[in-house]
Amino acid sequence: MGVPAFFRWLSRKYASIIVHCVEEKGKECNGVRIPVDTTKPNPNEVEFDNLYLDMNGIIHPCTHPEDKPAPKNEDEMMVAIFEYIDRLFNIVRPRRVLYMAIDGVAPRAKMNQQRSRRFRASKEGVELAEEKGRMREEIIQKGGYLPPEEIKERFDSNCITPGTEFMDNLAQCLRYYVADRLSNDPGWKNVVVFLSDASVPGEGEHKIMDFIRRQRAQPNHDPNTHHCLCGADADLIMLGLATHEPNFTIIREEFKPNKPRPCALCGQMGHEIKDCQGVAREKKGQHDEFADTVPVSEQEFIFIRLCVLREYLARELTMASLPFPFDFERSVDDWVFMCFFVGNDFLPHLPSLEIREGAIDRLVNIYKDVVHKTGGYLTQNGYVDLERVEMIMQAVGVAEDNIFRKRKEDDENFKRRNKEKRRRMKAEQQGPAYLTTGQFAPQALGRRDRPEAVHNARHQAYDMRMQHNKDAAQSLKAMMKNGGNSSAGPSNSTESRGVKRKAEDSDSEPEPEDNVRLWEEGWKQRYYKTKFDVDVTDEDFRRKVVKSYVEGLCWVLRYYYQGCASWKWYFPFHYAPFASDFKDIKGMFTDFEKETKPFKPLEQLMGVFPAASGNFLPPTWRNLMSSPDSSIIDFYPDDFAIDLNGKKYAWQGVALLPFVDERRLRAALAEVYPDLTTEEVKRNSLGSDVLFLSKAHPLFDFIHELYRAESNEDTEIPAELCHGIQGVLQLDDDPILPDKTVTSPIPMLRDISQNSSIGVKFKDPQYADGFVFKAVLLAGAKLPSKVLKPGDWEKGNREPWRPQLGFNRNRQQAHLDQSGFRALGHSMNRNQRGGGQYSNAPPPGNYHQGNYRPQHSGGHQPFQHSRQNSLLGAPPSFHQPQFPRQQQQQQQQQQYRSGGHGWDRAMQSQQLAYQLNRDRGGEGSGGYQQRYDQRRDDWHDRRDNRGQQHRSYSDDRGYPPPPPSRRYQWNSK
Amino acid sequence: MAGERSGEDIVSEYLGQNPQLAEWVDTFRTYCESNKQWVARREFILRNMEAFPTVEPGVPSSSLDRLLSLSMVWANHVFLGCSYPQAVMDKISEMGEGIVVEDVPVHKTMKEIMARGKRSATAESDADSCAKRAKLGPNELDGRPAGRTNARPVTQKSGPLPQAPAEHQPFFNRLYKAVAWKLVSAGGFGPNLDHFEILRSCVESCKQTLTCVFVPLKDITGLPAGRTQKEGHVCEIRCQTVYLGTGYGRDESAAKAMASKEALKVFQGRKVTVKICRRRYKGKDVEDLMLLDEQPRSQGFPPALSYPFQDEQLEDGSS
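Protein chains in written order, with UniProt numbering: chain X, 1 to 973; chain P, 1 to 319.
In case anyone wonders, no lab produced these hints; they're calculated from the structure. Heads up, a few of these hints could be off.
Derived list of chain X stretches under chain P, where covered just means 3 residues or more per stretch with a C-beta under 8 Å from a C-beta of chain P [stated by the list, open to error]: (1) 79-87; (2) 559-568.
Once the Cα atoms are required to be at most 30 Å apart in a straight line, the calculated DSBU-like pairs of lysine-lysine come out as [claimed, not checked]: (3) K132(X) to K36(P); (4) K36(P) to K547(X); (5) K597(X) to K774(X); (6) K36(P) to K583(X); (7) K36(P) to K586(X); (8) K207(P) to K142(X); (9) K695(X) to K189(X); (10) K177(P) to K271(P).
Now the stretches of chain X that chain P is said to cover, found in silico as 3 or more residues with beta-carbon under 8 Å [what the hints assert, rightly or not]: (11) 15-28; (12) 623-629; (13) 776-783.
Glycine is no exception: its CB is placed at the ideal position from the N, C-alpha and C atoms.
Required output: the full structure, derived from the provided sequences and hints.
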């Protein structure tokens, strides 16, 4: 689920699931970098067994980073990827398994989304280049200066798709990388490395899930394996929950919105392309020594602890007095299923369910109501009970009308408040309503012409008074003449009444028109008419849409719990039906077509690429994308419509792309298959996972022996040699063998002459057709200790609750002693001279211990508010008032953190707003500011942050900010 | 071929007589197609089957796939708002001639939305793009909504709409600025410029295209005697159906260059204005949209070589 809103919602509601990573940095000594010894205990005070990398989340930021200069060529990209993996390895320090999965060919259901992304990316790239060209010309004509245009080719991120040469190279480079680390890094000595490159079908994260699922279904699996999965997608959380492994943690980059980005034209910070003036570059540093550095801090990582999420869910989902025994594991599965209604990569979300409007809370409430009537759970092991789902859907359907109306209301309120705020801001800038004139007129200080001494003051005062009276009289007359509805009297004072009011919305962007108007009577009819171009009376068509959607829900759940049920299935519409349309769905789905096969890599390229990315394909294949005589030309429009669908920006809208007809695609490709070169044939074939390990590993000799014996049969891994991991081994055609030099694919890196690693093909354990993977806790699994504050803690009359911040309850807190605080205060005072009114403000009521951690480089600690927000474990004010000295220190600390920007204040109001929302419960409250957030900081958001600066400016000045503007601060960190 | 009765009636009648064919054709319906979309596409397929002689009912073949593909191109263009490379568009607009689709959905393309989001969407450009999509009438020649021409109401009178000059004026104001800047950077207007290139790049920077019509000189009737040369070509340039200029040359490119030069001359004045003027076309007086400068004209306009506001009546009358 690429839905960033989901993660944001989750991390706010269940704040304690997030733990900051502690990262030990390599030291430098006399210019030599000393690598971190990862054999040492993990500084996060937890030991992980397995680390899984969803590589596409690594490849993208390494090849076209948003916050630093892009790598110059492919080699630099590879090195960046290596360094990124090193960094993760250092943080997580897996002790048993490192699994790297690159996206392979995806199921058809996913292809439509990929297609839409790639068509958009290509189109946006062209538009951006055009815009750049135009701006460039304009600026140069105006006499501005721009650095010469870069000659280097634009990196087409579309090449990060299985089947391209780039992906092939990447696989080669990763093999080299693994061999190198296994041979040279002691931390890797006992780790088994799996590499599943793009030639193995399946999305990266799902290949990982398949591995976990298939391991845990075999008897040798260690039920207390601690898994750590790296990736930013929100659906990893779902996947992790779906495994029912008790120790599952996700690691991802911390999301910091509003990061500054350089202008695409001149490369300077501080403005966007449309505001580029082409002024000469400022010198960075005294001698321009920081010319190429971008002033952003390094991306930090956070852990998401799914066991804590499970604790939260247990509190939320546990129901008493059910007609059947309550099973927490089953209710988690139902929760995961309901999250799919709100958004997933394979289906458009239901129009009435928006995460930002509290859709999941609403669903959970409905679920708890309905489950009494359903007589059981919605799902089991990834199979859906449609009858029960229908009851949920009908309950949502009843509320649909109200949801749409409320959405509109909220939206209007939001706009109104915004407008009022703007007006207020303007009024503030306009200055006072009355100014003295003549010799009493205010004078700027420090000007050369000093005001002269006042003479004849009485007369002047009289004049001013009379002038004012005259004006008033005149405007009164005018008002009476005009029937009292205008104040357009002639007035030369600075009063605003003479100024003609401009059209209200002159400064706001025009709203996209919305023909559906879901908030008005007849919305269903209009929706079907505008979105599907059918009448609402066309019952058959509506049923078709619903049927496809039902199939989709079944497919998605099965995909998460059992693996890909059908490579062929996809949702063949651009929009979802309404919840109220889900009637009589019980018989709508039986099973999926069996024995479907994934596309070959090059076939998939033909399915997802626009004609503009045809250069990744052989010439005759490419030709099919543009020739009028091609029998599949309809798949490749060169421009297409975007339906904003109530959203504001093009990238949020629905791309109305035609769907690919698989039969015609295959038929057309059959004719050009003979044109492939041997190299391309190789790239087009399906590959296999590869397992690597070093000489020190107990399994090493076993594998080495296989190579020596040249046994070409499949061989099972002896479970006792490899922590209970099972699977089938097969000899690699071009293996990495010990004492055989591994040549470096990257010129700047050396060959490995002293290789001590070995590689062999690996296949996950196989199960019989129709085998069902059980979604249960395994026998022998020990649940990790609780983190949240028990609900009856106070009753127990024990010591005050101490919240847990890291993985370990008994973690050593770092403390600064007094001299440390003095030093800190000293330097802070120096930097903070005149740093806003908050530098003198008392600290906020509750102070959180342990927020200050010296391991961290910056004083900037997002998620520090997690304690405050945590709704279940909300700690009482922690500090003891009898230590005034300490309090003072805390005060300083607070100042340090708040940095004079009023953030601390924002934090408090956040909490307030949050609790307000909570109190209002599942009514979809808190809609606007959250929706607004979404608009601001979605993943590839292109916003200007001037608004943000503006707001903090006004906060500094101590103007009482209006309620909404405080709330924006919510995620300003 | 284009009957007065709606095409749908004829098609269903025809299929009623050929049940086997009907059954076969129905296998091409995609799951997500609504009745309306399918009926229209079916008509497209049936009408164009003759043009693909190798297509045999009931037999899969690559030429059948090509026909299906083009039918999808046509349907995607009409119903989804997709556009394809020019060659493909030309082909389907020809093949789709005569198929009437009522109530065609209106879509915004990526380009239009991006344009709206980026620049401070002035009312001017907005109105412009709306007019572009909504009014299919006078815009066929700019090549964009080619396939949809069939949806145009047939009742429209011959000639440009009275509000057309006002609708086009904002665009030409922008074009005027673009040309002015371009000429400045090229060192001013003069004989040694590539006039067509300048005009083209300016028009394209304003997100439009030029339409050039070429006619051999010998095909033009009514020229003054003595000036009838047998050799040579005449070129007429329009943009958004508005006439810009005419030129004569030995070959087509020379004619085009001359026409562009004439067009650029109009831009030498202090402003340009779109007006409806009367001029000759195929021996008749017609009303045409012209781009003019402020100077009073001493002589009349050259006869038009194309007429984008034509409907059936006029065509019937002239042929």
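Here's how the hints hold up against the structure:
{"no.": "1", "hint": "79-87", "in the structure": "violated (count 0)"}
{"no.": "2", "hint": "559-568", "in the structure": "violated (count 0)"}
{"no.": "3", "hint": "K132(X) to K36(P)", "in the structure": "42 Å, violated"}
{"no.": "4", "hint": "K36(P) to K547(X)", "in the structure": "20 Å, holds"}
{"no.": "5", "hint": "K597(X) to K774(X)", "in the structure": "25 Å, holds"}
{"no.": "6", "hint": "K36(P) to K583(X)", "in the structure": "25 Å, holds"}
{"no.": "7", "hint": "K36(P) to K586(X)", "in the structure": "29 Å, holds"}
{"no.": "8", "hint": "K207(P) to K142(X)", "in the structure": "22 Å, holds"}
{"no.": "9", "hint": "K695(X) to K189(X)", "in the structure": "8 Å, holds"}
{"no.": "10", "hint": "K177(P) to K271(P)", "in the structure": "9 Å, holds"}
{"no.": "11", "hint": "15-28", "in the structure": "violated (count 0)"}
{"no.": "12", "hint": "623-629", "in the structure": "holds (count 3)"}
{"no.": "13", "hint": "776-783", "in the structure": "violated (count 0)"}
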